[in-house]
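**Student:** Residue numbers (this note's numbering), protein chains in the order written: chain D, 1 to 275; chain R, 1 to 459.
The set of hints was computed from the structure by calculation and includes no laboratory data.
Possibly wrong hints are sitting among the right ones.
[To be verified] Computed from the model, here is a short list of chain D residues facing chain R with C-beta under 7 Å:
(1) G34
(2) G35
(3) G52
(4) T127
(5) G129
(6) A166
(7) V176
(8) A209
(9) A212
(10) A274
[Claimed, not checked] Reference listing, derived: stretches of chain D covered by chain R, where coverage requires no fewer than 3 residues with Cβ under 8 Å from a Cβ of chain R:
(11) 135 to 148
(12) 201 to 208
(13) 236 to 243
(14) 246 to 252
(15) 259 to 271
Just so you know, even glycine gets a beta-carbon here, dropped at the ideal spot from N, CA and C.
Below are the chains, spelled out letter by letter.
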Amino acid sequence: MTTWPIGLGIVATIAGAVGFAVSFVAGWSNAWLGGSLALALLGLGLALAFWGRDLAGDEVIAGRYPVPPDDTDGQAALATQLDEHASVITRRSFLSKFLIFGVGIFALSQVVLLGALGPWPGDSLTTTGWRKGRRLVTADGEPITRDALPTGGFLVAFPEGGDDKAGSQVALLHFVNGDFVPQEGRESWSPEDFVAYSRVCTHAGCPVAEYADVDQTLVCPCHQSEFDVLHGARVLSGPASRPLPQLPLAIDEDGFLYAQSDFTETVGPGFWNAT
Amino acid sequence: MSRDRRQDHDLKRGLGNAFGVRRSPIRPAARWLDTNLGGSGLLRAELRHIFPDSWAFFLGEIAMFCFIILVATGIFLALFFQASEAPVVYDGSYAPLAGAEISIAYDSVLELSLDVPAGLLMRQVHHWAALVFVGALIIHLLRMLLTAAYRRPRRINYLIGVSLVLLVGMNGLMGYSLPDDLLSGTGLRIAFSITESIPFIGPALATLLFGGEFPSGGLIARIYPVHIFLLPAAIAGLLGAHLGLLWLQRHTQFPGPGRSDRVIVGTPMVPAYALRTTGYLLMVAGVCTAFAAFAQINPVWLYGPYRAWDATTAAQPDWYMGWLEGAVRMMPGWDIQIGGLLIPAIFWPAVVLPGLIFTPLFLVPWIDWVATRDGAFHNVLMLPGQHPVRSALTAGFIAFLTVLLVAGGNDVFAFVYGWSQPAFLTVLQYLFFLLPPAVAVVTYALLRVRARRWATTVR
Numbered sequence: 001m002t003t004w005p006i007g008l009g010i011v012a013t014i015a016g017a018v019g020f021a022v023s024f025v026a027g028w029s030n031a032w033l034g035g036s037l038a039l040a041l042l043g044l045g046l047a048l049a050f051w052g053r054d055l056a057g058d059e060v061i062a063g064r065y066p067v068p069p070d071d072t073d074g075q076a077a078l079a080t081q082l083d084e085h086a087s088v089i090t091r092r093s094f095l096s097k098f099l100i101f102g103v104g105i106f107a108l109s110q111v112v113l114l115g116a117l118g119p120w121p122g123d124s125l126t127t128t129g130w131r132k133g134r135r136l137v138t139a140d141g142e143p144i145t146r147d148a149l150p151t152g153g154f155l156v157a158f159p160e161g162g163d164d165k166a167g168s169q170v171a172l173l174h175f176v177n178g179d180f181v182p183q184e185g186r187e188s189w190s191p192e193d194f195v196a197y198s199r200v201c202t203h204a205g206c207p208v209a210e211y212a213d214v215d216q217t218l219v220c221p222c223h224q225s226e227f228d229v230l231h232g233a234r235v236l237s238g239p240a241s242r243p244l245p246q247l248p249l250a251i252d253e254d255g256f257l258y259a260q261s262d263f264t265e266t267v268g269p270g271f272w273n274a275t
Numbered sequence: 001m002s003r004d005r006r007q008d009h010d011l012k013r014g015l016g017n018a019f020g021v022r023r024s025p026i027r028p029a030a031r032w033l034d035t036n037l038g039g040s041g042l043l044r045a046e047l048r049h050i051f052p053d054s055w056a057f058f059l060g061e062i063a064m065f066c067f068i069i070l071v072a073t074g075i076f077l078a079l080f081f082q083a084s085e086a087p088v089v090y091d092g093s094y095a096p097l098a099g100a101e102i103s104i105a106y107d108s109v110l111e112l113s114l115d116v117p118a119g120l121l122m123r124q125v126h127h128w129a130a131l132v133f134v135g136a137l138i139i140h141l142l143r144m145l146l147t148a149a150y151r152r153p154r155r156i157n158y159l160i161g162v163s164l165v166l167l168v169g170m171n172g173l174m175g176y177s178l179p180d181d182l183l184s185g186t187g188l189r190i191a192f193s194i195t196e197s198i199p200f201i202g203p204a205l206a207t208l209l210f211g212g213e214f215p216s217g218g219l220i221a222r223i224y225p226v227h228i229f230l231l232p233a234a235i236a237g238l239l240g241a242h243l244g245l246l247w248l249q250r251h252t253q254f255p256g257p258g259r260s261d262r263v264i265v266g267t268p269m270v271p272a273y274a275l276r277t278t279g280y281l282l283m284v285a286g287v288c289t290a291f292a293a294f295a296q297i298n299p300v301w302l303y304g305p306y307r308a309w310d311a312t313t314a315a316q317p318d319w320y321m322g323w324l325e326g327a328v329r330m331m332p333g334w335d336i337q338i339g340g341l342l343i344p345a346i347f348w349p350a351v352v353l354p355g356l357i358f359t360p361l362f363l364v365p366w367i368d369w370v371a372t373r374d375g376a377f378h379n380v381l382m383l384p385g386q387h388p389v390r391s392a393l394t395a396g397f398i399a400f401l402t403v404l405l406v407a408g409g410n411d412v413f414a415f416v417y418g419w420s421q422p423a424f425l426t427v428l429q430y431l432f433f434l435l436p437p438a439v440a441v442v443t444y445a446l447l448r449v450r451a452r453r454w455a456t457t458v459r
């Protein structure tokens, strides 16, 4: 039996244990704390493993696996016995069926408890915080004017006083005159080339946070879907299928940007009855 | 030892024998146990329980050790974590977030990580152990597939094992969703979207499970008991059943001299096996601790708090969710619109694909039975080369998972190697279909060539 690795392991355990306590009391870094604890654990582990390995060399024994069941008589006897017990109940066939029916009704009734978990979706998934006339504000609540965003600029905007900040967030872009091509039927949605797209990715709902002004694309950092902001935020590449919905914008006489209405289509990822 | 002291020693032993007293406390302890609980004979037999030896049998043990480490460190973390999304102003020691409005949950994780002594170490050991846990489980499962260990009488225990892979993966997902940092919140947002995509029941199921439209503000309080009680209790129960069945049926063994389906050859539990296994437990704990000491993991203070309008680039889930992330990234945006019914494209990779992977995986023992018509009891394992079809299918399965995993990090690969990201994704989409069958065919051919040599070495 080689004793030196076992002794060395025990020495490492003691050194690591002392080091751990000292590191903790002295408030040393995570590396000292963890390093010493790892030394102690590995030392003790190695000592025991070496010791066990030496012992194992001495002793290999043979035994029997449990035998496969071939005792058909015993199985038949068991089946008969169970049948007898069961027949006490099944003999009264109507009552036993009625019992199963009652237990089933009881189990089903408990399913209503699931309703306590949360509200029904209602219109929460199909509406956002945007309403007719609601102004665009920054994350800090500052209303956004036409002067706040020079051409070529990009801002994240929210509805003023609106709840559902997560679902209402829009990417507000101000294009150089002539670059932007309004989609059919949306000619009045982009006054003075200010355009607002929903910032909730239509693929899996991450914020479409990256604006690449060279390519004029919005890119989702989660699964890399690319949206072409010059052409109605249609999908250029990646797993998304639907374009980012566009928010109809207007500008009042004081230069404040506001929404003409809520989005006209469902924001964010699709579901079976999304519009 | 001096002559005098040895005489003294001998004298004492002699006296002890003369009065019928053994100094060892074990004998009275054994008597106490037998008179109070009974069954000393059974216990004596079980102490000699035989364990066959192989490095491959260590994989399941690593998983079990990780569970023990996770419970131990998890108790420490639970003393500090607060599962609330209510806002609080941060006033801890991490200067970049000073004065920021964050959730109580995120605040408590920051305090645990940066201000509680040994808190960071415990958190990082916990996270590393979770990563090693799933890894050990998956390699353990692949070992089952390659050696046909799932055959009678171990079909039920195989089902328990695959269930454990599912539950442990789910609990890992719950765990990294708790800190309410930017990465975890983004992951939950994606989970909400995936739930929404299920036809008919999706939206209602999503608001029911998540407590309303995401972010509902009450989700972390809901995940917490699932993570620290519900799933761990289920895992502990199944793990107990897994080990109980293993104990009753004895462990499988590789073919070798004197071994058969009737005769088991190995090491008795006491003393060598117990010593070694305890040593391995401590070593796995030591390795996880060393990782936690020197390799930073999930530095949530760098990610910042979750806000629905913030995002990070190169966001990745924990590695064992990478296959699902990859599938979601690879699926083209093929929405199906039938009248008023929309089936979003994400439904296929995120809901249907996991079902397509796990259903056959659960059914492997019965598929094997139908294919080989072998329903006999087997305690001796097959070597991977003995059954080329089985091994080829497993190799194809591994290739399939690898393609998905790589796709889960396609942006990082494209960035590091300077590839075009969409082009790389297209390559991966082809590999998704081509690589698994190619790997399976090559594996089959190689094993057929070597089959005879394998057969002769075994005998």
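**Student:** Work down the list of hints and note, for each, if the structure agrees.
**Tutor:** Results of checking the hints against the structure:
1. Among the interface hints, the one on G34/D holds; its C-beta lies about 2 Å from the nearest C-beta in chain R, closer than the 7 Å criterion.
2. Taken as an interface hint, G35/D checks out: its beta carbon lies about 5 Å from the nearest beta carbon of chain R, inside 7 Å.
3. Interface hint at G52/D: satisfied, since its Cβ lies 3 Å from the closest Cβ of chain R, which is below the 7 Å cut-off.
4. Nearest Cβ of chain R to the Cβ of T127/D: about 10 Å, over the 7 Å cut. The hint is violated.
5. At its closest, the beta carbon of G129/D sits 12 Å from a beta carbon of chain R; the interface hint therefore is violated under the 7 Å criterion.
6. Hint on A166/D holds. Least Cβ distance to chain R is approximately 3 Å, under the 7 Å limit.
7. Annotation: V176/D was flagged as interfacial toward chain R, and the flag is violated, the nearest CB pair being 26 Å apart, outside 7 Å.
8. Contact between A209/D and chain R, as hinted, is supported at the beta carbon level, the nearest pair being about 4 Å apart and thus within 7 Å.
9. About 12 Å separates the beta-carbon of A212/D from the nearest beta-carbon of chain R, more than 7 Å, and the hint is not met.
10. With its C-beta approaching chain R no nearer than about 6 Å, A274/D sits inside the 7 Å limit, and its interface hint holds.
11. Given as covered by chain R, the region 135 to 148 of chain D fails the check, having 1 residues with a CB less than 8 Å from a CB of that chain where 3 are the minimum.
12. Counting residues of the region 201 to 208 of chain D whose CB lies closer than 8 Å to any CB of chain R gives 5, so the stated coverage by that chain holds, three being the minimum.
13. Beta-carbon proximity to chain R at under 8 Å applies to 6 residues in the region 236 to 243 of chain D; the threshold of 3 is reached and the given coverage holds.
14. Taking a C-beta to C-beta cut-off of 8 Å, the region 246 to 252 of chain D contributes 0 residues in contact with chain R, too few for the three needed, and the coverage statement is violated.
15. Requiring three or more residues with a Cβ within less than 8 Å of a Cβ of chain R, the coverage given for the region 259 to 271 of chain D holds, as 4 such residues are present.
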